Amino acid sequence: MARVQLNSIWKKYTGDVVAVKDFNLDVQDKEFVVFVGPSGCGKTTTLRMIAGLEDITAGDLYIGERRVNDVAPKDRDIAMVFQNYALYPHMTVYQNMAFGLKLRKFSKAEIDKRVREAADILDIGHLLDRKPKALSGGQRQRVALGRAIVREPAVFLMDEPLSNLDAKLRVQMRAEIRKLHQRIQTTVVYVTHDQTEAMTMGDRIVVMRDGVIQQADTPQQVYNYPANMFVAGFIGSPAMNFIRGELIEEGGVITFRAPEVSVRLQEGRYAALKDAGVVGKEVVLGIRPEDMHNEEMYLSTYPDAILNARVEVAENMGSEVYIHINVGGQSLVSRVSSRYHYTPGTELKLAVDLNKAHIFNAETEETIPHHVAEAQAVR
Amino acid sequence: MKTAGMWWADTLESFAEAFAIRYDLVQERHPAVRDTGEWWVQGEVWCVQLDSWAHACWLDAVDNPAWRRVLTISLQNASAASTRQLSWRQVVTRHFSELVHHALTDNWPQEPDTHKLGLRLITRELTPPGCFAWLEFSSQSADAQEFRALVEQVIDAWTEVVFVGWTDHPTGLQAAVLFLQTGHQDGVDDEDFDEEDGYDPEGSEGLAAQVPLRPSPLRRTLYPLLDSLESDAMVPVKATVGAAVADVHDWANGLHTLAEAWRERTWFGPGQLIYEWGQQPIAYLLSGLSNGQMNPFLHMAARGTTGSMMLSPDLADTLQGVLAANLNISEASRLLYLHRNTLMNRIDRIRSQTGYDIRQFNDALVLWVAQVLLRRQGDSLPSSSD
Numbered sequence: 146m147a148r149v150q151l152n153s154i155w156k157k158y159t160g161d162v163v164a165v166k167d168f169n170l171d172v173q174d175k176e177f178v179v180f181v182g183p184s185g186c187g188k189t190t191t192l193r194m195i196a197g198l199e200d201i202t203a204g205d206l207y208i209g210e211r212r213v214n215d216v217a218p219k220d221r222d223i224a225m226v227f228q229n230y231a232l233y234p235h236m237t238v239y240q241n242m243a244f245g246l247k248l249r250k251f252s253k254a255e256i257d258k259r260v261r262e263a264a265d266i267l268d269i270g271h272l273l274d275r276k277p278k279a280l281s282g283g284q285r286q287r288v289a290l291g292r293a294i295v296r297e298p299a300v301f302l303m304d305e306p307l308s309n310l311d312a313k314l315r316v317q318m319r320a321e322i323r324k325l326h327q328r329i330q331t332t333v334v335y336v337t338h339d340q341t342e343a344m345t346m347g348d349r350i351v352v353m354r355d356g357v358i359q360q361a362d363t364p365q366q367v368y369n370y371p372a373n374m375f376v377a378g379f380i381g382s383p384a385m386n387f388i389r390g391e392l393i394e395e396g397g398v399i400t401f402r403a404p405e406v407s408v409r410l411q412e413g414r415y416a417a418l419k420d421a422g423v424v425g426k427e428v429v430l431g432i433r434p435e436d437m438h439n440e441e442m443y444l445s446t447y448p449d450a451i452l453n454a455r456v457e458v459a460e461n462m463g464s465e466v467y468i469h470i471n472v473g474g475q476s477l478v479s480r481v482s483s484r485y486h487y488t489p490g491t492e493l494k495l496a497v498d499l500n501k502a503h504i505f506n507a508e509t510e511e512t513i514p515h516h517v518a519e520a521q522a523v524r
Numbered sequence: 111m112k113t114a115g116m117w118w119a120d121t122l123e124s125f126a127e128a129f130a131i132r133y134d135l136v137q138e139r140h141p142a143v144r145d146t147g148e149w150w151v152q153g154e155v156w157c158v159q160l161d162s163w164a165h166a167c168w169l170d171a172v173d174n175p176a177w178r179r180v181l182t183i184s185l186q187n188a189s190a191a192s193t194r195q196l197s198w199r200q201v202v203t204r205h206f207s208e209l210v211h212h213a214l215t216d217n218w219p220q221e222p223d224t225h226k227l228g229l230r231l232i233t234r235e236l237t238p239p240g241c242f243a244w245l246e247f248s249s250q251s252a253d254a255q256e257f258r259a260l261v262e263q264v265i266d267a268w269t270e271v272v273f274v275g276w277t278d279h280p281t282g283l284q285a286a287v288l289f290l291q292t293g294h295q296d297g298v299d300d301e302d303f304d305e306e307d308g309y310d311p312e313g314s315e316g317l318a319a320q321v322p323l324r325p326s327p328l329r330r331t332l333y334p335l336l337d338s339l340e341s342d343a344m345v346p347v348k349a350t351v352g353a354a355v356a357d358v359h360d361w362a363n364g365l366h367t368l369a370e371a372w373r374e375r376t377w378f379g380p381g382q383l384i385y386e387w388g389q390q391p392i393a394y395l396l397s398g399l400s401n402g403q404m405n406p407f408l409h410m411a412a413r414g415t416t417g418s419m420m421l422s423p424d425l426a427d428t429l430q431g432v433l434a435a436n437l438n439i440s441e442a443s444r445l446l447y448l449h450r451n452t453l454m455n456r457i458d459r460i461r462s463q464t465g466y467d468i469r470q471f472n473d474a475l476v477l478w479v480a481q482v483l484l485r486r487q488g489d490s491l492p493s494s495s496d
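Taken in order, these protein sequences are the chains called A and B.
Residues 146 to 524 (the working numbering) make up the first sequence, in order.
Residues 111 to 496 (the working numbering) make up the second sequence, in order.
Chain A with its partners taken away, still in its complex shape (with noise of 0.2 Å):
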């Protein structure tokens, strides 16, 4: 068990741009963090610093109280999982789950005992004398975590581990590896560019850009409160909306408005809005599609956020539509019951939850907190 501190990391390569910039983290013992983010933010990268396999070209890294920079991969009390399986094809699951310990010269006994164990904790022990290729893709994924288990790590470190798996496995993988933290209370470090394991894994999610994180928080403050524009767009499917407008205030009332959009703010938020100086200026308002509704309760509660609509696309996914509105020439999404049938060219309402309205900064990306406390407490 581990607690990994990233103390101001930073990679660079020669001849390339800075993969990791200023990277801070602090995973506390036995928690469940996941890097998540688009292909090239740096997230394996970090990974990959914490296991040694990448040099660090600046900061501190510390696995427990012990500082790692210079310490080989293999003392440093870890053990990783990638997206290959990477299953030695002739030899037997037994035999996969025992080479890792067998090249660091461990005695047979205790080999034994760590593949029978680990194979019980994945329930493969009946899988132990098949190759490979005799196994299904989870089975295999299991497989793979059983390697990494039978080393008795203080950290594991997960690249992409799922991303082989069809999306059925994946939701059902998805839960085994968090019922598998809960079992060996491990701390655990999980990279991956889907937005939804992350949300559905991770005790904590450190969402990446270019190198640099844009928000380390629990999975429903990122969702709730994004930092900035692109964890709000990046987090949540169908992703955020976003309206690019001005507000405008008019007797003593502030107003968001675009083309053939005008919503009224609540009070309650001018104080924030005004302490960041974004009154009289562009800003982009974000709503999720969950947060635009036609139920005549919404339509009344907000009368001066409404949105007039017209609908391009309607798809239903079952328990729920998603319809594709255009309102001011802009394309928006809105998720709705599948009680309602829409077809397209319908004309409707929509009323914006304000309470769950983000305001943007047009220029920084940045999200103006509702609450002047708010503002204050993340600078």
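Please note that a few of the clues may not be correct.
Heads up, simulated SDA-like pairs for lysine to any residue below, C-alpha to C-alpha not over 25 Å straight-line [claimed, not checked]: (1) 276(A) to 247(B); (2) 426(A) to 443(A); (3) 250(A) to 247(B); (4) 250(A) to 266(B); (5) 219(A) to 239(B); (6) 250(A) to 239(B); (7) 278(A) to 239(B); (8) 250(A) to 262(B); (9) 278(A) to 271(B); (10) 253(A) to 266(B).
Okay, the calculated bits of chain A under chain B, using three or more residues with CB under 8 Å as the criterion [to be verified]: (11) 163-169; (12) 197-205; (13) 212-224; (14) 241-255.
Since the hints were derived computationally from the structure, they do not count as laboratory data.
Note that the structure is predicted; figures quoted are calculated from it, not measured.
For glycine and all other residues, C-beta sits at the position ideal for the given N, C-alpha and C.
Starting from the known structure of chain A, fit chain B onto it as the hints suggest.
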């Protein structure tokens, strides 16, 4: 003792060391007229002609004709290189495939352990198609023997990978040369790879990241190997890969392109887990230039330059960043994580040193090409006109 005229000395010594056999050097003109590399029996001893003034007589058996053939070709290569100033590349491509092909058809026997890559290659059961790869290990344990044994154990666990030998890396570390057989994919199935999301185990870091949606057979072989080296042996590794080898006649080209790719990666893909020859067409184009072709370009490019055309590392990074950002200064400052003013200051320094304003596409391009060529000229590997 080796002197300037003894061009055959290294070849002779390598051969003797590789096959653990002894020789006597006879430095006198032999009455019979013989060519370099010609063999004859004197008493019961095999002798080989070196030059017109020297021959070697072997004290141990060299009865195998394939062994003798290897030395003949090697001596002829060395002779050609010494007298006609053939480049390393030309020697390899002209003669190596003949050497390999001949050795294979003569059922080459197992030889004693050797680090001489060229000789070792021909004893291995390499079955094309495939390609040569070079594995670099960024850190190694103090015990070199233990380190090698560890790495070889993992490599040997992959049947489609043939360990060829260890070579010295310019950084002073050991590097392993492999042959990756891509003709069959035993145990690595297509369904292992996600059609929709592609395949991106290295995270595509770096400017030149090009990860194919569906990995090539080569990558399907190489990724599991690298992953197992990193997860089982816990050895940090990066791979450079040469051109595809369809049959034994391509072997020389396979090795040659491997060396070229290794040189290219320092500029085109330093952070990438796998760098393949041909991954960057521009690198291919530039790597084909001889000194004779490079020098006029560099001379023209340096006209009007007050300082050195070679940029310091921070200025070279600035150039890379500005190009990566499509000459957009705001984007470049974000990529380089530099304040805009600092970036502008560096751009000004580049202009005052070289005369090139890298905010202009033509200037940035010329300066970038010059950096690649200057770096090539400074490489430890021989260039085509060596």
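How the hints compare with the structure:
1. 276(A) to 247(B): violated, 30 Å
2. 426(A) to 443(A): Judged against 25 Å, a Cα distance of about 28 Å means the pair is violated.
3. 250(A) to 247(B): OK: residue 250(A) and residue 247(B) at ~22 Å, within 25 Å.
4. 250(A) to 266(B): holds, 17 Å
5. 219(A) to 239(B): violated, 35 Å
6. 250(A) to 239(B): The given pair, whose Cα atoms are some 36 Å apart, is violated under the 25 Å limit.
7. 278(A) to 239(B): Given pair residue 278(A), residue 239(B) holds - Cα atoms ~23 Å apart, limit 25 Å.
8. 250(A) to 262(B): holds, 15 Å
9. 278(A) to 271(B): holds, 18 Å
10. 253(A) to 266(B): holds, 21 Å
11. 163-169: holds (count 4)
12. 197-205: Result for this restraint: holds, n = 4.
13. 212-224: Three-residue rule met by the stretch 212-224 of chain A, so holds; n is 4.
14. 241-255: Three-residue rule met by the stretch 241-255 of chain A, so holds; n is 3.
When the structure is compared with the earlier hints, violations turn up for hints 1, 2, 5 and 6 and for no others.
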